[in-house]
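Build out the structure end to end from the sequences listed, making use of the hints.
Sequence lines, in order, name chains R and D. Letter 149 of the first sequence, counting from 1, is numbered 170 in this note's numbering, and no numbers are missing. Letter 120 of the second sequence, counting from 1, is numbered 121 in this note's numbering, and no numbers are missing.
Some hints could be false.
[As the list claims (entries may be wrong)] Which stretches of chain R does chain D cover? Using the computed rule of at least three CB atoms under 8 angstroms from a CB of chain D, they are: (1) 45-53; (2) 83-90; (3) 124-137.
Treat the hints as calculated values from the structure; they're not laboratory data. Since this is a predicted model, take the numbers as computed values, not measurements. All residues carry an ideal CB built from backbone N, CA and C; glycine is no exception.
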Amino acid sequence: MLLYPISLIGLLLLSCILQQFLPALGTWYDARLLILPLVVLCGSATVSTAGMLTLAFLGGFLWDAQQVLLVEQGDEIVYHSSTDSLKFGYSIILYTLMGFLMQGIRPLFQAGKWYLSAILTGVAIFLYLFVEYLLRGFIIGGFSLENGMVEQIGATSILTMMASPFVFWLLFRIADLCGHTISYQKR
Amino acid sequence: MKPLNFVALLLFIAGLVWVFTLSESSVRQIQKSYYSAISPIISKGGETEAFANDFVKEVEHSKDLEKKLTQTSSERDRFRLIAARAWALETENNELRAALDFKKKSKFDVLPARVVRRQPQMWGKTIEINRGSEKGLENSMCVLASNGGLVGRIQLPGDEVSSVLLITDEVSQVSAKVEGTTEVGLVVGRRTTYGEAPRLRLRYLSKNAILRKGMKVYTDGRGDLFPADIPIGTIEDFEVGPVYGEAEILPSVNFSNLQTVFVIAYSSGD
Chain R
22 MLLYPISLIG LLLLSCILQQ FLPALGTWYD ARLLILPLVV LCGSATVSTA
72 GMLTLAFLGG FLWDAQQVLL VEQGDEIVYH SSTDSLKFGY SIILYTLMGF
122 LMQGIRPLFQ AGKWYLSAIL TGVAIFLYLF VEYLLRGFII GGFSLENGMV
172 EQIGATSILT MMASPFVFWL LFRIADLCGH TISYQKR
Chain D
2 MKPLNFVALL LFIAGLVWVF TLSESSVRQI QKSYYSAISP IISKGGETEA
52 FANDFVKEVE HSKDLEKKLT QTSSERDRFR LIAARAWALE TENNELRAAL
102 DFKKKSKFDV LPARVVRRQP QMWGKTIEIN RGSEKGLENS MCVLASNGGL
152 VGRIQLPGDE VSSVLLITDE VSQVSAKVEG TTEVGLVVGR RTTYGEAPRL
202 RLRYLSKNAI LRKGMKVYTD GRGDLFPADI PIGTIEDFEV GPVYGEAEIL
252 PSVNFSNLQT VFVIAYSSGD
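This is the structure we're talking about:
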């Protein structure tokens with residue numbers, strides 16, 4: 022019963038390692054494949070709410086451990102202007118919201134319409150990055166939408182979305198091996 | 002609600018409360034542990050990135066030649082830096098001599114490091130270098146380019162690799178002065194997107210500052226973060242705001258082509 026969720030956590034850790042090998046595509050809007058968030062999203066569609074919360078917590082924790090910038094302040098008299106950055110743990114909340122989004126169409130996913138979930142991963146990644154961008158601006162104090170930001174976020178979302186069928190396929194394989202049923206069953 | 006989901010929700014909320022109430026030192030410790038754990042992977046990841054870049058550029062070098070070239074480039078960059086510092090020290094020395102002051106000069110001991118990854122984050126402007134706490138690197142150590150220009154400071158030292166926060170990041174601040182004037186302010190990074198050249202702003206200048214394009218901006222050594230007299234860039238434009246003046250700065254470092262950087266291992270003043 023617990024084999025599949027444990028395997029998912031293992032896959033999450035693997036994706037964390039894999040993420041280190043995926044550079045930005047300088048030739049295409051600096052887009053990058055966000056494999057760790059993708060595993061959280063795809064995994065969320067295959068488990069219960071409790072599993073999704075666990076995935077979101079672990080995924081967000083790992084993501085922030087790498088992404089949150091903690092800047093040491095100098096003398097306050099000289100460095101009087103605030104340099105706050107996003108609080109450690111913010112990704113957990115964003116991942117959870119994305120997870121609930123994926124859970125929202127879980128009945129369709131269980132009915133075999135996995136492609137809708139795959140499309141939704143792209144939408145969720147776009148929303149996630151857009152909110153993250155706005156939050157950064159809000160914390161630092163500059164609400165500006167730079168030219169090219171939408172392209173960069175859009176390209177990243179598309180690239181990540183294109184990898185989602187492979188992640189779903191992998192999850193189905195793991196589920197088969199673990200004896201876990203993902204597809205819809207009438208009660 | 003199912004009992005399992007309810008329990009999971011309670012645990013999730015408890016976890017969130019724990020994470021959001023972590024002290025800064027605890028978060029730093031978590032990040033350091035994480036970073037140390039993935040250090041070897043980052044080095045390999047950096048190699049993959051470098052390999053991909055090399056492939057795209059269709060540059061073909063034999064490994065031996067490349068190794069020798071890297072070594073030579075590193076040495077050349079190191080000598081360039083030493084020459085740049087020597088020039089700055091000579092100028093300082095002349096000034097001191099002119100003032101008949103024989104104070105002890107400040108000294109830099111630099112540690113060369115190779116950039117293993119550029120822009121590992123989606124938004125944050127950082128690089129990763131192949132030196133870490135094993136080589137004595139510590140948080141907030143100053144990082145220079147081969148031309149002596151300011152690159153940033155160590156943000157997260159791992160065992161074998163370290164993350165460097167570039168001065169072009171939005172959360173970076175550097176106390177700076179404008180050459181030939183009494184103007185001081187804070188240099189902050191500006192938000193940019195793909196393909197856009199990094200930009201800096203010098204804030205909190207006086208409204209009646211007389212600044213011209215091309216004037217040089219240096220660190221002023223205040224605030225305990227950066228040593229004095231490290232080049233940051235040159236003034237491109239000056240605008241007068243309602244309270245303060247602000248200048249656009251062209252960085253002295255080409256951030257897109259950083260290969261070797263130098264960490265100031267220690268600095269001792271007078």
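Status of each hint after checking the structure:
1. 45-53: holds (count 6)
2. 83-90: That given contact holds, which follows from 6 residues of the segment 83-90 of chain R lying within Cβ reach (below 8 angstroms) of chain D.
3. 124-137: That given contact is violated, which follows from only 0 residues of the segment 124-137 of chain R lying within Cβ reach (below 8 angstroms) of chain D.
Comparing the model with each earlier hint shows a violation of hint 3 alone; every other hint is respected.
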